[in-house]
Structure formats: structure tokens, C-alpha cells
Amino acid sequence: MFDVAALRSQFPILQREVHGRPLVYLDNAATSQKPRSVIEAERHYYEALNANIHRGVHTLSQEATDAFEAARDKVRDFLKARRREEIIFTRGATEAINLVAHSWGRSQLKPGDEILVSEMEHHANIVPWQLLCEATGAVLKVIPIDERGALVPGAVESMINARTRLVGITQVSNALGTINPVARIIRLAHAVGAVVLVDGAQAVPHLATDVTALDCDFYVFSGHKLYGPTGIGVLYGKQALLEKMPPYQGGGDMISQVTFKKTTYNDLPYKFEAGTPHIAGVVGLGAAIDFVQSVGLEAIAAHEDRLLAHATQLAEGFEGLKIIGTVPGKASILSFVLKGVHPHDIGTILDNEGVAIRTGHHCAMPVMDHFGVPATARASFALYNTTAEVDALFGALRRVEELFLK
Amino acid sequence: MSDLRDLYQEVIFDHNRHPRNFGPLTDANRHADGFNPLCGDRLTLNLRVKDGVIQDARFEGSGCAISTASASLMTEALKGKTEAEAAVLFDGFHHMVMGEPTTVDLGKLAVLAGVSEFPARVKCASLAWHTLNAALKNEADPVSTE
Ligand SMILES: Cc1ncc(COP(=O)(O)O)c(C=O)c1O
Numbered sequence: 001m002f003d004v005a006a007l008r009s010q011f012p013i014l015q016r017e018v019h020g021r022p023l024v025y026l027d028n029a030a031t032s033q034k035p036r037s038v039i040e041a042e043r044h045y046y047e048a049l050n051a052n053i054h055r056g057v058h059t060l061s062q063e064a065t066d067a068f069e070a071a072r073d074k075v076r077d078f079l080k081a082r083r084r085e086e087i088i089f090t091r092g093a094t095e096a097i098n099l100v101a102h103s104w105g106r107s108q109l110k111p112g113d114e115i116l117v118s119e120m121e122h123h124a125n126i127v128p129w130q131l132l133c134e135a136t137g138a139v140l141k142v143i144p145i146d147e148r149g150a151l152v153p154g155a156v157e158s159m160i161n162a163r164t165r166l167v168g169i170t171q172v173s174n175a176l177g178t179i180n181p182v183a184r185i186i187r188l189a190h191a192v193g194a195v196v197l198v199d200g201a202q203a204v205p206h207l208a209t210d211v212t213a214l215d216c217d218f219y220v221f222s223g224h225k226l227y228g229p230t231g232i233g234v235l236y237g238k239q240a241l242l243e244k245m246p247p248y249q250g251g252g253d254m255i256s257q258v259t260f261k262k263t264t265y266n267d268l269p270y271k272f273e274a275g276t277p278h279i280a281g282v283v284g285l286g287a288a289i290d291f292v293q294s295v296g297l298e299a300i301a302a303h304e305d306r307l308l309a310h311a312t313q314l315a316e317g318f319e320g321l322k323i324i325g326t327v328p329g330k331a332s333i334l335s336f337v338l339k340g341v342h343p344h345d346i347g348t349i350l351d352n353e354g355v356a357i358r359t360g361h362h363c364a365m366p367v368m369d370h371f372g373v374p375a376t377a378r379a380s381f382a383l384y385n386t387t388a389e390v391d392a393l394f395g396a397l398r399r400v401e402e403l404f405l406k
Numbered sequence: 001m002s003d004l005r006d007l008y009q010e011v012i013f014d015h016n017r018h019p020r021n022f023g024p025l026t027d028a029n030r031h032a033d034g035f036n037p038l039c040g041d042r043l044t045l046n047l048r049v050k051d052g053v054i055q056d057a058r059f060e061g062s063g064c065a066i067s068t069a070s071a072s073l074m075t076e077a078l079k080g081k082t083e084a085e086a087a088v089l090f091d092g093f094h095h096m097v098m099g100e101p102t103t104v105d106l107g108k109l110a111v112l113a114g115v116s117e118f119p120a121r122v123k124c125a126s127l128a129w130h131t132l133n134a135a136l137k138n139e140a141d142p143v144s145t146e
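Chains as they are written, first to last, in the working numbering: chain L, 1 to 406; chain D, 1 to 146.
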């Protein structure tokens, strides 16, 4: 049995009130709240283990290094990567994508090469490729989406060609909830020799990931959307690719030997981890993965799907409400607009009722353009949300209606 | 607790539903575009200024109730004002939405005072005014509230 009450009790922040009402936190696609185990892991790190890693002979440094590297093993297991050397810690999904665009991209691409992304990408999976195109003369091509918010059927097949060098695709859209057929896209890309970067930022809290079975070349995610700390994320890359790639940043930890004549680089994964990393964040991410695995992703997804189904039903019965993103089998994201009320006003009124949702373009302006809206309101559900909270969302939307549309 | 009714006053709903001076201004001689990247609000402001006096002001665009009402109220307030008087209003309005005291007589614009209790919405209320500033200077680049 999925015991939501027991899970909620592990999240201290869910006790708080906003504007005199119990917090109803439905902005999980932006960032999720943190369970006590994650907060405690960071605290324990600072209270008991804190030292710099990989270079001290003293006990604390050894223990801090062990905790840091143990978290890498947890990530490897979580993503089902073959080797721990393939797991690189970054500041988040954004930095991981930038790392690939910079290191792989600048060393590989030449004018006329093509990069393929979809129209539903987060800006983090658009702008680094635009910068790369400017630097190399490569060309960015965009896989269009249809009126449901799915990739236009057949578009990937017709757009991938011999010039395609990389496909950057989100597994789950943060603005729409659409789950993309990444396995099929990877097969199509590999058939022409292109590599694929999968943006897993919205997928990892909802779907079990197996990068080995998926056969993607790069996979990125952020800890903070997975009940972990902010400021820490992961790049998975196939070892053969990572070995050929030049370093992204230079500094300590990423070198093996430095002289003014010649510097040699450290082995993977350290070659891509210059400088003192966010050690506490890595330890916290390890605790977040333990937490998610103890609940079970299958159970989490089933619970979130129930919440989404309930919310969708209420939304469909709400006059003037239009859901943006209507592909069957979405992840737990409900994006919508309300006739006659700008999303920003919805956000303020809901906040006054203690209901936190996201309003705006969700860092996906091309999606907003596609649907011809300046912004949407977005409720996104996590494992600790309840049916009663979904009802509270729609109760608060009635209040919007009263104020605006009476 | 900040009361929603302080923010969403009847006058604001009225101007949101029926924005005044909305649409193109064919004989405009000052123009600026404003953009609030946070919420996607876009605003185009056109003015006709003669001998330092704002003879007409009209706006177009899409935005939330606060930014639409603010633009509507602003265009009403501007007509017949000199550029110097408009600058004084800008200043007074800015102080008001920041919750700071002001001696400027803001007239009807005072209905937006409640915005100061909602920091996330200050940019919505000021978008039109920043755009005005740009239009009076005739800056070529769209202004952004960021
Ligand atoms: C699909 C997607 N990709 C990338 C990102 C960027 O994540 P971060 O800001 O944590 O680097 C996000 C976060 O909103 C996202 O939803």
C-alpha cells in the first residue's frame, strides 16, 4: 500500500502554512521538496565528515572521499550505467548539457553538421546547442510538435539524415508532461551514426531509467527535482565517448600532472570534475536516491498517475479551462490556461489560498509560441501529493473564477 | 495576510476587461516595446508628443490583469501631460508600488498601491511605465523588466 501520510511526515516543509493555509505544493516540476533523510545526510556530512576530497591523507578527508564516491556508485546503480567512470557530477542538468555541447561539440562538429532538438525542449537543451552552432557552423534543426504536444509522427524519421551528428531530446517535457519515445529515436540516430543526449531532468523522478538498455550516449539530470539538493546534477556518458572528449574546465582534481610544459589529465570521471565539487550535495543526492528507491519508482509513478487522472477529470469539467498537452500516458504534469484570466493572476490567487503552482513559460518559450499562449499555469505532482490537494487546487481555481469571471 | 481585494480592486478588473486606449496609434512619433520575460507579457506603447506635451497614448499587447490595467490607467493619465510631468508620475508610481512614501499626486493610479504587498507582481504593474520611459527616450531595443 502506498502510504502517503507516512511519506508526507518525512518532508518537514509540508508542515508549513502559506497565507494562513496549509501549503499545497504543486510546483514539483520546478523543484521537489526534500525528505528529512536528505537534509540529515547533508547535515551529517558537515557535522561529522567535512573535509576536502581526493587529496588528504587524514581521516576526515578519507571519510569524506568515501561518502562522495559511495554516492557515485548509487547514481551508477540508479541509472543502470555499466561503469562508475561514466558518472560525472555537475551543477545540474544545465551544466551537464553545456559540458557535452562544449567538450564533445566543439571537438566534433564542422560547418554543415546538423544537431536535432525538439520543439518541446527546455531552454537548457536549446541554448547550449545554439551557442555550439554559432561557434562551429553546425545547424540546429527542430523536430516539430503537434496540437497534442507530441512529436509530429514521422518527423524524426524524415529529419534524421547523414548530416545529423547529435540529437538532444527530453525524455519527459516539463511544460507538457509528454513522454517521448526516446528508445526509438536513439535507434534511428544510431543508424546514421549520430549520438543522442537524453534530458532526463523530468524523467528520473517518475520513470525507472536504464541507460544501458536505452543505449543513449549521454543522459543528464538534476538532483533537486529528485528530492535531492540544489546545485548538484549528473552527466552520464558512454565511456568511449567521454575518453575521447577534451576537458571542459581546467583546475584541480582534473589533472594527473601539471608542468608549464605539459599537463596531463586525470582519468574518468575526474577529468570532467575540475575543482572542489559540491561534496555535501553529492552526499545528499545519494540519500535522495536511497529514498526514492525505498519507495519504489513504480509505486511513485502509479500514485502520480492517479493524481494526474483525478486532476485531468476535474480539469475537463471546469468551464473555460483548456489543458495544454493532451498526449495519453503523460507524466504527472497538468499545464492549462483559463479563458479570460492570465496565468500570472491565477498564480497569485492560488498562492493566496496556499496552493503553489508555476505560471509562466516554464523555460520553454517555443512551446508557448506553438500553442499561441504567452504562458500557462502548471500543476505538477510528486509522491507526497494527495487527492485532497488536487481538490484544493480546483477549489482555489473556483476562487479565481469568482473573482474574475463572476 | 495580504488581502487579494487590495490587489484586485474593481477598477483594475474594469480596466482589464475594457482596456482604455487599446490599439494602434497611426500618427505616433514615439514608440517602445516592453517585455516581461517572467510571465511573457508583451506591450507596445505608442505616443504622439508635440512641443513636449503627450497628446495621445495608446498601447497594444497581452498581459495579466495587473499589467493590462496598469497600462490602461497610465495611458489615461498621460494625455495632456508634459514629458516632465510624466517623469514625475513615473517616479511617484515607482515609489508607490515599492511601498515607499511619495508626495506625488497619483490620482486614479493609486488603485495599484496594493501591488506593493505582492512583490512578485511589482514588475507587472511597472512594465507599462518602464516602456513609457523608453518611449520618451525613444530607445530602439525592447525594454525588459529583467
Ligand atoms: C526538462 C528540463 N531540462 C532541464 C532543466 C534544467 O534543470 P536545472 O535548472 O536544474 O539545470 C529542467 C528544469 O526545469 C527541465 O525541466
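Some hints could be false.
[Unchecked claim] Derived DMTMM-like pairs: lysine to aspartate or glutamate, alpha-carbon spacing no greater than 20 Å straight-line: (1) 50/D x 85/D; (2) 50/D x 10/D; (3) 406/L x 6/D; (4) 406/L x 10/D; (5) 244/L x 85/L; (6) 339/L x 14/D; (7) 238/L x 215/L; (8) 79/D x 100/D; (9) 339/L x 85/L; (10) 406/L x 76/D; (11) 406/L x 85/D; (12) 79/D x 105/D; (13) 339/L x 305/L.
[What the hints assert, rightly or not] Taking CB as the label site, the calculated pair distances span: (14) 317/L x 110/D: 50 to 58 Å; (15) 112/L x 50/D: 31 to 39 Å; (16) 184/L x 76/D: 20 to 28 Å; (17) 26/D x 251/L: 42 to 50 Å; (18) 313/L x 85/D: 54 to 62 Å.
[To be verified] Quick look at which bits of chain D chain L covers, simulated, 3 or more residues with Cβ under 8 Å: (19) 6-18; (20) 38-51; (21) 103-113; (22) 117-123.
Honestly, the hints are just simulated from the structure, not real lab data.
C-beta atoms are modelled at their ideal positions from N, C-alpha and C, and glycine is treated no differently.
Consistency of the hints with the structure:
1. 50/D x 85/D: Measuring from Cα to Cα gives roughly 14 Å; hence the hint holds.
2. 50/D x 10/D: Judged against 20 Å, a Cα distance of about 34 Å means the pair is violated.
3. 406/L x 6/D: 18 Å, holds
4. 406/L x 10/D: 12 Å, holds
5. 244/L x 85/L: OK: residue 244/L and residue 85/L at ~14 Å, within 20 Å.
6. 339/L x 14/D: 16 Å, holds
7. 238/L x 215/L: 9 Å, holds
8. 79/D x 100/D: The hint is violated at about 26 Å.
9. 339/L x 85/L: 51 Å, violated
10. 406/L x 76/D: 26 Å, violated
11. 406/L x 85/D: The given pair, whose Cα atoms are some 38 Å apart, is violated under the 20 Å limit.
12. 79/D x 105/D: 16 Å, holds
13. 339/L x 305/L: With a Cα-Cα distance of about 26 Å, the restraint between residue 339/L and residue 305/L is violated, given a limit of 20 Å.
14. 317/L x 110/D: 50 to 58 Å: Violated - the Cβ-Cβ distance for residue 317/L and residue 110/D, about 40 Å, lies outside 50 to 58 Å.
15. 112/L x 50/D: 31 to 39 Å: 54 Å, violated
16. 184/L x 76/D: 20 to 28 Å: About 57 Å separates the Cβ atoms of residue 184/L and residue 76/D, which means 20 to 28 Å is violated.
17. 26/D x 251/L: 42 to 50 Å: 59 Å, violated
18. 313/L x 85/D: 54 to 62 Å: Once the Cβ atoms are compared, 55 Å apart, the range 54 to 62 Å for residue 85/D and residue 313/L holds.
19. 6-18: holds (count 3)
20. 38-51: holds (count 5)
21. 103-113: violated (count 0)
22. 117-123: It holds, with 3 qualifying residues against the three required.
Violation of the numbered hints given earlier is confined to hints 2, 8, 9, 10, 11, 13, 14, 15, 16, 17 and 21; the remaining hints are satisfied by the structure.
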